[in-house]
Amino acid sequence: MADQALLNALIELADDHNILSHRLAEWCGHAPILEEDLALTNMALDMIGTARGLYSHAADVEGRGRSEDDLAYLRVEREYRNCLLVERPNDDFAHTMLRQLFFAAFMEPYWQSALTSSDETIRGIAGKSVKEVAYHIRHAGEWVIRMGDGTQESAARLHAAMQDLHIYTEELFHASEAAGHCARAGLLPDRTDLRETWLETLTPIFAEARLEMPEGVPPQIGGRDGLHGEDLGHLLAEMQYLQRAHPGASW
Amino acid sequence: MVAEREKAWAAAASVPDPEVPCVTVADLGILRDVRVENGVATAFLTPTYSGCPAVDFIELAVETALRDAGFDARIERVISPPWTTDWITKEGREKLRAYGIAPPVKGSNSKRALFGETVVACPRCASEKTERISEFGSTACKAQYRCTSCGEPFDYFKCI
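So the sequences go chain by chain: A and B.
Here the numbering used here is used: the first residue of the first sequence is 1, the next is one more, and so on.
Here the numbering used here is used: the first residue of the second sequence is 1, the next is one more, and so on.
So here's chain A without its partners, still in its complex pose (with noise of 0.2 angstroms):
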């Protein structure tokens, strides 16, 4: 039961970085800038690191022979686990942004608390991770703050991205039954703790960009259930086409 709670929990979390990656690194030579062209997959880079890590430890886990890209190239829509928010299409720069914002600085804490996890392998990615996404933070705030002090133009964007993006940030709190008892079990932090801190992040960078989270407005859930929108479908059928294609291929 343990193992299986540590296993799911696991690859709830390796589905996150792994779709949120792929997300980024759809901008590959498609950024408004070649600065933002290495940003994007700069951050995408960390976070397959990090999804490739998490991976691993839940094929050891599991200890049936799967490898992290079975993990990843092997399973189906349903099968995934990550949240509604990370699957989101890019639309424009505000929207891509405003989502990395948003999940970042929910991650910052998560593994600033994952440090202490009694599991060793989960210490060793947060120790890396953490450092990583501070700076995820630093840039997607600092564009933040740029379009929504910016032109008309930058700031409606931002603030349609707003308006389409909030209701994804819920799920970010809400623990499945893998993850509330890897919780207990001083696996993994407590994800329904980190709300505060995450706010504290926002707050002055939301008040220096002039923009607002609506409030009072019901929220979108099911990833963890694997009830995902049409989005991600599409998002797989790129990502796991070689695999599907070519069976066992390698490099």
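Since the hints were derived computationally from the structure, they do not count as laboratory data.
Warning: the hint list may mix true and false statements.
What the hints assert, rightly or not - DEER-style ranges, computed between Cβ atoms:
(1) L74/A with E94/B: 47 to 55 angstroms
(2) P247/A with P153/B: 40 to 48 angstroms
(3) T89/B with D164/A: 43 to 51 angstroms
(4) E230/A with D33/B: 47 to 55 angstroms
(5) E128/B with G150/A: 23 to 31 angstroms
(6) T89/B with G222/A: 30 to 38 angstroms
(7) E6/B with D92/A: 57 to 65 angstroms
(8) D56/B with L227/A: 23 to 31 angstroms
(9) V78/B with P218/A: 54 to 62 angstroms
(10) D225/A with E37/B: 33 to 41 angstroms
(11) G229/A with F44/B: 39 to 47 angstroms
(12) G229/A with A98/B: 50 to 58 angstroms
(13) G70/B with D225/A: 24 to 32 angstroms
Said to hold, decoys possible - Take a look, some chain A residues computed to stay more than 10 angstroms from chain B by CB distance:
(14) R157
(15) H174
(16) G226
(17) A245
By construction, the Cβ of each residue, glycine as well, lies at the ideal position given by its N, Cα and C atoms.
With chain A fixed as given, assemble chain B onto it according to the hints.
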């Protein structure tokens, strides 16, 4: 036995970083230890960044260096405790500077430091009048800066 260990360490430690070839894996501090038992040399390596694409390449290069030195070689990846730029040796920092890469400035990575000022000295003329061009550079570990005194664009090895 001690001589064997020293020989294995010297072989592994001489491997250059593939992306920053002016420094070795020992200079960067990612070679944590080398142990020799019954003719098998085990090198313990810690990756710099989670997604560093050079990790597999470095492991292969160290393994090859140990084999060339006459050992059966084994690589063990150690992720805890995580690598930090503080592990770069003093010599490594000097080599980076001489190569044109500004070494990491301690304590410069705070998530609260939005638009924060990190004083990065130009590796060419040592001027502190420099500006950041991009937080992210040619590899995961670097940012791009420009010196406003001598005009030199340069890489800064980010502090993590």
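Checked hints:
1. L74/A with E94/B: 47 to 55 angstroms: holds, 48 angstroms
2. P247/A with P153/B: 40 to 48 angstroms: holds, 46 angstroms
3. T89/B with D164/A: 43 to 51 angstroms: holds, 49 angstroms
4. E230/A with D33/B: 47 to 55 angstroms: Given a distance of about 50 angstroms, which is inside 47 to 55 angstroms, the answer is holds.
5. E128/B with G150/A: 23 to 31 angstroms: holds, 30 angstroms
6. T89/B with G222/A: 30 to 38 angstroms: violated, 50 angstroms
7. E6/B with D92/A: 57 to 65 angstroms: Holds, since E6/B and D92/A (Cβ atoms, about 58 angstroms apart) stay within the stated range.
8. D56/B with L227/A: 23 to 31 angstroms: Given range 23 to 31 angstroms: violated, Cβ gap about 36 angstroms.
9. V78/B with P218/A: 54 to 62 angstroms: violated, 46 angstroms
10. D225/A with E37/B: 33 to 41 angstroms: violated, 49 angstroms
11. G229/A with F44/B: 39 to 47 angstroms: holds, 44 angstroms
12. G229/A with A98/B: 50 to 58 angstroms: Given a distance of about 52 angstroms, which is inside 50 to 58 angstroms, the answer is holds.
13. G70/B with D225/A: 24 to 32 angstroms: violated, 56 angstroms
14. R157: At roughly 20 angstroms from the nearest Cβ of chain B, R157/A sits farther out than 10 angstroms, so the non-interface label holds.
15. H174: Consistent with the label, H174/A stays out of reach of chain B, its closest Cβ about 24 angstroms off (over 10 angstroms).
16. G226: Correct as stated: the minimum Cβ-Cβ distance to chain B is 26 angstroms, above 10 angstroms.
17. A245: The claim stands: A245/A keeps its Cβ more than 10 angstroms from every Cβ of chain B (closest is about 24 angstroms).
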